[in-house]
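Dock chains B and C against chain A, hints included.
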Amino acid sequence: MTRRAVRWIDQRSASAPLLRKTLRYLFPDHWSFLLGEVALYAFIVLVATGIYLTFFFVDSTKEVVFHGPYYPALDGQKMSEAYASVVHLSLAVRAGLLIRQTHHWAANVFIAAIVLHLFRIFFTGAYRKPRELTYWLGITMLMLSLLEAYLGYSLVDDLMSGMGLVIGYSVGLSLPFVGQNLMNWLFDGMFPGSPRLWPRMYIAHVLIFPILIGLLLGAHLLLVALRHHTQFRRTKAQTERTIVGVPAFPGQAPRSLGLMVGTAGFLFLLGGLVQINPIWLWGPYHTYSSTNGAQPDWYLGWLIGALRLVPGFDFTIGHYTVVPNPFWGGAAFPLVVFGFLYFWPWLERRFTGDVAFHNLLDRPRDAPVRTAIGVAMFSWVFLVFMAGASDRVNVTFGIGYVSQIWVYRVIVWVLPALLGFVTWWTCKELQASELVVHERHAAESEARLARLRRGDEPPGDPGALES
Amino acid sequence: MRRTRHAIVSALVLLVGRRRRRPKPEETRLVPALPPNPAAELAVLALLGLSSLSALGFILIYAFGDSLPQETPLLGATIGLAFLFLATALVVVALRLVPTEEIAEEYPPHEHPGEQQVIAELVDESGTRFTRSRLFKLGLLGAGGTLGLAILTPAVSFGPLFHVGDFLRTPWRRGRRLVDENGLPYKAADIEKNDFYLAFPEGTNDEEKDQMAASLVVIRLEPDQLRLPPHLQGYDANGILAYSRICTHAGCAITLYRAPLFQPDEPRPALVCPCHYSTFDPAAGGTVTFGPAGRDLPLLPVYVDSSGYLRAKGNFDGPVGPSWWGVRMWKAQP
Amino acid sequence: MRPVLTLAVLLVAGLLSAGAARAASGTPKDPLAAFGYHLYGQYCLGCHGGNAAGRYHQPSSATGAGPGRAQRQQGGIGPSLHGVGALAADFYLRTGYMPLRRIGLQPRRERVFLSDHQINALVAYVATFGGPPIPTPRPGLGNVSQGLALFTEHCAGCHQVMAQGGYVTGALPPALVQATPRQVAEAVRIGPYVMPKFSRSSISDRQLDSIVRYVEYTKHPVRPGGWGLGYIGPVPEGLVTWFLAIPALLGLCLLLGRRLRG
Numbered sequence: 000m001t002r003r004a005v006r007w008i009d010q011r012s013a014s015a016p017l018l019r020k021t022l023r024y025l026f027p028d029h030w031s032f033l034l035g036e037v038a039l040y041a042f043i044v045l046v047a048t049g050i051y052l053t054f055f056f057v058d059s060t061k062e063v064v065f066h067g068p069y070y071p072a073l074d075g076q077k078m079s080e081a082y083a084s085v086v087h088l089s090l091a092v093r094a095g096l097l098i099r100q101t102h103h104w105a106a107n108v109f110i111a112a113i114v115l116h117l118f119r120i121f122f123t124g125a126y127r128k129p130r131e132l133t134y135w136l137g138i139t140m141l142m143l144s145l146l147e148a149y150l151g152y153s154l155v156d157d158l159m160s161g162m163g164l165v166i167g168y169s170v171g172l173s174l175p176f177v178g179q180n181l182m183n184w185l186f187d188g189m190f191p192g193s194p195r196l197w198p199r200m201y202i203a204h205v206l207i208f209p210i211l212i213g214l215l216l217g218a219h220l221l222l223v224a225l226r227h228h229t230q231f232r233r234t235k236a237q238t239e240r241t242i243v244g245v246p247a248f249p250g251q252a253p254r255s256l257g258l259m260v261g262t263a264g265f266l267f268l269l270g271g272l273v274q275i276n277p278i279w280l281w282g283p284y285h286t287y288s289s290t291n292g293a294q295p296d297w298y299l300g301w302l303i304g305a306l307r308l309v310p311g312f313d314f315t316i317g318h319y320t321v322v323p324n325p326f327w328g329g330a331a332f333p334l335v336v337f338g339f340l341y342f343w344p345w346l347e348r349r350f351t352g353d354v355a356f357h358n359l360l361d362r363p364r365d366a367p368v369r370t371a372i373g374v375a376m377f378s379w380v381f382l383v384f385m386a387g388a389s390d391r392v393n394v395t396f397g398i399g400y401v402s403q404i405w406v407y408r409v410i411v412w413v414l415p416a417l418l419g420f421v422t423w424w425t426c427k428e429l430q431a432s433e434l435v436v437h438e439r440h441a442a443e444s445e446a447r448l449a450r451l452r453r454g455d456e457p458p459g460d461p462g463a464l465e466s
Numbered sequence: 000m001r002r003t004r005h006a007i008v009s010a011l012v013l014l015v016g017r018r019r020r021r022p023k024p025e026e027t028r029l030v031p032a033l034p035p036n037p038a039a040e041l042a043v044l045a046l047l048g049l050s051s052l053s054a055l056g057f058i059l060i061y062a063f064g065d066s067l068p069q070e071t072p073l074l075g076a077t078i079g080l081a082f083l084f085l086a087t088a089l090v091v092v093a094l095r096l097v098p099t100e101e102i103a104e105e106y107p108p109h110e111h112p113g114e115q116q117v118i119a120e121l122v123d124e125s126g127t128r129f130t131r132s133r134l135f136k137l138g139l140l141g142a143g144g145t146l147g148l149a150i151l152t153p154a155v156s157f158g159p160l161f162h163v164g165d166f167l168r169t170p171w172r173r174g175r176r177l178v179d180e181n182g183l184p185y186k187a188a189d190i191e192k193n194d195f196y197l198a199f200p201e202g203t204n205d206e207e208k209d210q211m212a213a214s215l216v217v218i219r220l221e222p223d224q225l226r227l228p229p230h231l232q233g234y235d236a237n238g239i240l241a242y243s244r245i246c247t248h249a250g251c252a253i254t255l256y257r258a259p260l261f262q263p264d265e266p267r268p269a270l271v272c273p274c275h276y277s278t279f280d281p282a283a284g285g286t287v288t289f290g291p292a293g294r295d296l297p298l299l300p301v302y303v304d305s306s307g308y309l310r311a312k313g314n315f316d317g318p319v320g321p322s323w324w325g326v327r328m329w330k331a332q333p
Numbered sequence: 000m001r002p003v004l005t006l007a008v009l010l011v012a013g014l015l016s017a018g019a020a021r022a023a024s025g026t027p028k029d030p031l032a033a034f035g036y037h038l039y040g041q042y043c044l045g046c047h048g049g050n051a052a053g054r055y056h057q058p059s060s061a062t063g064a065g066p067g068r069a070q071r072q073q074g075g076i077g078p079s080l081h082g083v084g085a086l087a088a089d090f091y092l093r094t095g096y097m098p099l100r101r102i103g104l105q106p107r108r109e110r111v112f113l114s115d116h117q118i119n120a121l122v123a124y125v126a127t128f129g130g131p132p133i134p135t136p137r138p139g140l141g142n143v144s145q146g147l148a149l150f151t152e153h154c155a156g157c158h159q160v161m162a163q164g165g166y167v168t169g170a171l172p173p174a175l176v177q178a179t180p181r182q183v184a185e186a187v188r189i190g191p192y193v194m195p196k197f198s199r200s201s202i203s204d205r206q207l208d209s210i211v212r213y214v215e216y217t218k219h220p221v222r223p224g225g226w227g228l229g230y231i232g233p234v235p236e237g238l239v240t241w242f243l244a245i246p247a248l249l250g251l252c253l254l255l256g257r258r259l260r261g
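The listed protein sequences correspond, in order, to chains A, B and C. If you count by numbering that gives the first Met the number 0, then the first sequence holds residues 0 to 466, one letter each, in order. If you count by numbering that gives the first Met the number 0, then the second sequence holds residues 0 to 333, one letter each, in order. If you count by numbering that gives the first Met the number 0, then the third sequence holds residues 0 to 261, one letter each, in order.
Just chain A, same shape as in the assembly (with noise of 0.2 angstroms):
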């Protein structure tokens, strides 16, 4: 059966020879190497959800009366049509609850298990020659999918989403110079936009993005396949030359089905039990309207760390209003943090000189300048995030929000620098002690091999050391 099904596709197709190596293609056999895969089917899960949702959302801002004898908070309220279809969908569609949850989660999670693979990718130099262009395709995916999830939750214009715009829009009036054009050229006119905001900002999430996506998705993977993955260090057998994995069948294939499956799986059950952007309970949006304790989804809380934590100015020369406030947070921080990953590679060339190719990975200890300076950059991004939940902290432990805030603006400078030595440190005694061992190791063979030729010893007796 197997046969006539090989031969049907190759007479058609030509393609047996492709088949067979994409079949025997070798995968590292890691954990961490899984991590990529897991952002991978999660984008599955968003696309197949997102599909379902397309086929139910209103994209437009129009006033309705909303009509929802299900629901009697709403009952009578005026709302736009999108976010009337999204409570309607939510509340009185079967499964549609279900599915608009799953696909929140799975946006979660995408962007959590990207963050994971990069971090794996960057402490173990995946990234350096002939790689860069992997890596670079994998940052721009990071950032497009930053701006999709943005938008994806901002669509459905409730009062926290509503929030979260009228900010990204503030950020935009921010650029220097030609921040006020630029964003009104974007929203068709000045905040809450003109009528063809929404559908623009719907077919940006549900096509453009999406293709950019898939179109850097399917580059990325193309060449991985090409240059064949890194690997570890794991055996004497691997080397920079040659690769020691699992086939691709029959091996890892159930891996990997086995992972995308469980994914799925686990997507689905938060979807269905964990309730996730309970949109219904928080009213439609409207300039005049704001709630306490609006925050955006987790991917974006460093930038509201970040717009808190700086203190109260505008740049001016003159007239010239030349940098808003706004900008520093919400515009020069992510610009910073996303220079630093594209420049990296270039950067660690620069100053190490390594131009050589490298099929095999480092462990973090091996290079503890890459580790210290990662760990420094992560703790700062972190600790400006930890910055932005500094309110609820301040509801739930009773710790003063001002005083937090002053110490966040100090501390998000010296602990990382402080993180970033401790960590040089570690890595550099982890090295010594291996070094260690491993001379020590090579000391006890030598000598008792010198013992065995002597002849004082039956071979196979470690015996005692001589002094």
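Hint data in this document are derived by calculation from the structure and do not stem from the laboratory. Quick caveat, the model's predicted, so the values are computed rather than measured.
Counterexamples of contact, computed for chain A against chain C with all Cβ distances above 12 angstroms: (1) 2; (2) 4; (3) 180.
The calculated lysine-lysine pairs, modelled on DSSO-like cross-linking and capped at a C-alpha distance of 27 angstroms, are: (4) B:186 <-> B:208; (5) B:208 <-> B:312; (6) B:192 <-> C:196; (7) A:77 <-> A:61; (8) B:312 <-> B:330; (9) A:427 <-> A:128; (10) C:218 <-> A:77; (11) A:235 <-> A:20; (12) C:196 <-> B:186; (13) A:128 <-> A:235; (14) A:61 <-> B:208; (15) B:312 <-> B:192; (16) B:208 <-> B:192; (17) A:77 <-> B:208; (18) B:330 <-> B:208; (19) B:208 <-> C:196; (20) A:427 <-> A:235; (21) A:128 <-> A:20.
Here are some of the chain A residues that sit facing chain C, going by a computed Cβ distance under 8 angstroms: (22) 34; (23) 71; (24) 72; (25) 75; (26) 158; (27) 159; (28) 265; (29) 272; (30) 274; (31) 275; (32) 289; (33) 290; (34) 291; (35) 292; (36) 293; (37) 388.
Glycine included, each C-beta is placed from N, C-alpha and C at the ideal position.
Frame of chain A; chains B and C shown alone:
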């Protein structure tokens, strides 16, 4: 009779399994032969069965769960378990049934100098008739660049790219009455101390109310509490102050009013934004006392007409909303 | 000995205090209010002054503490209670805001150590100075949809749209999960601490009924999507992502892949 016997035997065979044909000798095999693992096989079958049951459960709940209170959790649980059982089956297959070979192979070469050479030569030799290559490159760049720009040009119409006058426009004019969300005009006597009010220009529809420059937060302070700067003197109506409701930091609505009941012991009156906690002092003309806002909150001058209604005396002392390049250059306009 | 002395001081102070303070000096005739007068001397006099006229300057020596003793001897300042009515007294005493435990800080909900009878007495005494009676909100007559709209406009900025509490510079608006309908109605009319004060012309009684009905709803909202996570938005959702979903998926990866050593 024979038919039933056939059926029973087939079912048994299906369950118990059939010994594979005698395996090929080791040397001609592509994938190593491993001894069968009937326990694992059974486990996989059981898991597949459970997965089917869960998926069926999902379909049944979907079809008949009309008045089930926990519909979404049940649907999620069944479909999630269906996937997870299938995933577990695949994991068992991966770890216990298919061979996990560790194969060594050469990486593809770093580069292919021969092919690179051929490609380079192809390009070079094809261009022997282009003697003014520099000029052609320039021409191509020019044509391609301008063509690309031309293709992008219609995008300019997406919005008013060059016209930012709207940033200065407000729906407020001298004499416009202040009304609440339902269109009822505010009388000065309605504005009580320690309360805060949402106000719009009279005659605006719902869409216009959503413009940033439309909404106000109106409060009343004791006239002797006011410390308005010189350029804002007279903007209040005997202590009634009408501030823009839109925070000058990032555009959120200011819906927090700190109204001390017992002044000696409590923080001063303040208007606060819930997004990043920019705090404005209404007594001093909307100056920023805490938080990241870089610009004072715009104040609308108001007066009380002969019938006691609150009316705008003019326009805000500056553009409304978050800061941008020209926000300090021009005044707000009707 | 102490209470008698306090009463004597009160009498003298009350007789001596001139001015516009409404004359309710001396023991009220109503026995409940009289008992309240006695309790006032025990717990409230130190900050709210003789004849409930208020104290606006820090006294050099202090009286006024209670058997709770978490309330130390304190000399504070406090507003006059003339005209605040049974409404305010009932609110502050039943929430435990008063007697104030720590001077100069935001009053918080505390364990109420006064008995029901004692509170009734104090309320009756404060009521003799005039002011609004205890309100009787009727959430059943309110409309929950109106309630959400009103709550969003007047309250959500501080208390969060699902009444889970929040932060305002210099204060912590509390969550309303413990607030009874009566307390919500009272707080709206008082505007305690830095909360705005909403009179009938700003929020009518019927509108207040709707707000109260909405607040009751926030205590048990519908949660069709499963575990509610506290109804405060993305922060707990992020925690679930990183502490539930990711560990589960990492576990799966560890199961399927190998580690570096063995």
